[in-house]
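Okay, so the sequence shown: first residue is 789 according to my numbering, each after it adds one.
Bear in mind the hints are in silico, worked out from the structure with no lab data behind them.
Source: prediction; values computed, not measured.
Treat the hints with care, as some may be off.
Calculated pairs, DSSO-like style, for lysine-lysine (alpha carbon to alpha carbon, straight line, at most 27 Å) [unchecked claim]:
1. Lys945 / Lys989
2. Lys931 / Lys948
3. Lys893 / Lys935
4. Lys965 / Lys1012
5. Lys794 / Lys861
6. Lys940 / Lys1011
7. Lys794 / Lys834
8. Lys989 / Lys935
9. Lys945 / Lys1003
10. Lys940 / Lys993
11. Lys989 / Lys1011
12. Lys815 / Lys792
13. Lys989 / Lys965
14. Lys945 / Lys965
15. Lys892 / Lys935
16. Lys931 / Lys1003
17. Lys965 / Lys931
18. Lys993 / Lys935
19. Lys945 / Lys1011
20. Lys940 / Lys1012
21. Lys892 / Lys965
22. Lys792 / Lys834
23. Lys935 / Lys1003
24. Lys940 / Lys794
25. Lys940 / Lys834
26. Lys993 / Lys1012
27. Lys935 / Lys945
28. Lys993 / Lys1003
29. Lys931 / Lys989
30. Lys948 / Lys893
31. Lys965 / Lys861
32. Lys794 / Lys893
33. Lys815 / Lys940
34. Lys861 / Lys948
35. Lys935 / Lys965
36. Lys815 / Lys935
37. Lys989 / Lys1003
38. Lys935 / Lys834
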Amino acid sequence: MEDKQKVIFIEDDLNLGSIISMALQSKGYEVCYANTLSGIQDMIEKDCPNILLLDLEVGNQNALDYLPFIRSKHPSLPVLIASSHNEGEEITRCYEAGANHYTKKPYDIQEIDFLIQRFCKKGSPISNSISIGDYQLELSTHKLFYKQEQSKTLSPKDFKLFYLLSEQLNQPVSREKLFHEIWDGQEVHDSLNNSISRLRKLLEKDTTLSIDAVKGVGYILSKKDQLSSS
């Protein structure tokens, strides 16, 4: 029998927590639910989850206060943060603290299901880094390494751009998707161009890599070899 993906879900609204927990269970997940962040360290050690789904603000607690511990002890454990906040600054803080993804409330079960599948591929070990050519990017710290020597710590937006391009290695990524995922839908062309320029400069040591504009579409990160994870 195939092991179920285990989700630790924290939400202070008991009714909502119960509804979402049952919805996730109907999708085939094992859900460990709590309405407080207190004791989450023990929950992680005891339940050995595949992923965390955390409400950003739980009573007078904030999930971001717990992420440093989680990242120090469990660097490869995916963390999804859920909140009704729409402010770019708050979303950036989540990524800077080490969250893998920020999802806006109200909860969309189809989206949550997709995200769990995206970050927890069944039968595969959880990856904490991606490797492309001579470069390695740590997902939890945003540190970029060249031949195992640290090259740069990427800003939140540059990290997200690199991650999105690497997810679709050798395939174009539309400007619309980049604007939606990184700049909350704002069409900030100059900011995108500047981020592309910074990444091109960082990757120039490996001549097999290139970031090219695709006319009328967006950008593509190209390499002859396939993307590998470690």
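Here is how each hint holds up against the structure:
| no. | hint | result |
| --- | --- | --- |
| 1 | Lys945 / Lys989 | holds (16 Å) |
| 2 | Lys931 / Lys948 | holds (12 Å) |
| 3 | Lys893 / Lys935 | violated (40 Å) |
| 4 | Lys965 / Lys1012 | holds (24 Å) |
| 5 | Lys794 / Lys861 | holds (18 Å) |
| 6 | Lys940 / Lys1011 | holds (21 Å) |
| 7 | Lys794 / Lys834 | holds (12 Å) |
| 8 | Lys989 / Lys935 | holds (16 Å) |
| 9 | Lys945 / Lys1003 | holds (22 Å) |
| 10 | Lys940 / Lys993 | holds (13 Å) |
| 11 | Lys989 / Lys1011 | holds (16 Å) |
| 12 | Lys815 / Lys792 | holds (10 Å) |
| 13 | Lys989 / Lys965 | holds (23 Å) |
| 14 | Lys945 / Lys965 | holds (13 Å) |
| 15 | Lys892 / Lys935 | violated (37 Å) |
| 16 | Lys931 / Lys1003 | violated (30 Å) |
| 17 | Lys965 / Lys931 | holds (24 Å) |
| 18 | Lys993 / Lys935 | holds (10 Å) |
| 19 | Lys945 / Lys1011 | holds (22 Å) |
| 20 | Lys940 / Lys1012 | holds (24 Å) |
| 21 | Lys892 / Lys965 | holds (17 Å) |
| 22 | Lys792 / Lys834 | holds (16 Å) |
| 23 | Lys935 / Lys1003 | violated (32 Å) |
| 24 | Lys940 / Lys794 | violated (34 Å) |
| 25 | Lys940 / Lys834 | violated (35 Å) |
| 26 | Lys993 / Lys1012 | holds (16 Å) |
| 27 | Lys935 / Lys945 | holds (23 Å) |
| 28 | Lys993 / Lys1003 | holds (25 Å) |
| 29 | Lys931 / Lys989 | holds (15 Å) |
| 30 | Lys948 / Lys893 | holds (21 Å) |
| 31 | Lys965 / Lys861 | violated (33 Å) |
| 32 | Lys794 / Lys893 | holds (21 Å) |
| 33 | Lys815 / Lys940 | violated (40 Å) |
| 34 | Lys861 / Lys948 | holds (23 Å) |
| 35 | Lys935 / Lys965 | violated (30 Å) |
| 36 | Lys815 / Lys935 | violated (41 Å) |
| 37 | Lys989 / Lys1003 | holds (21 Å) |
| 38 | Lys935 / Lys834 | violated (37 Å) |
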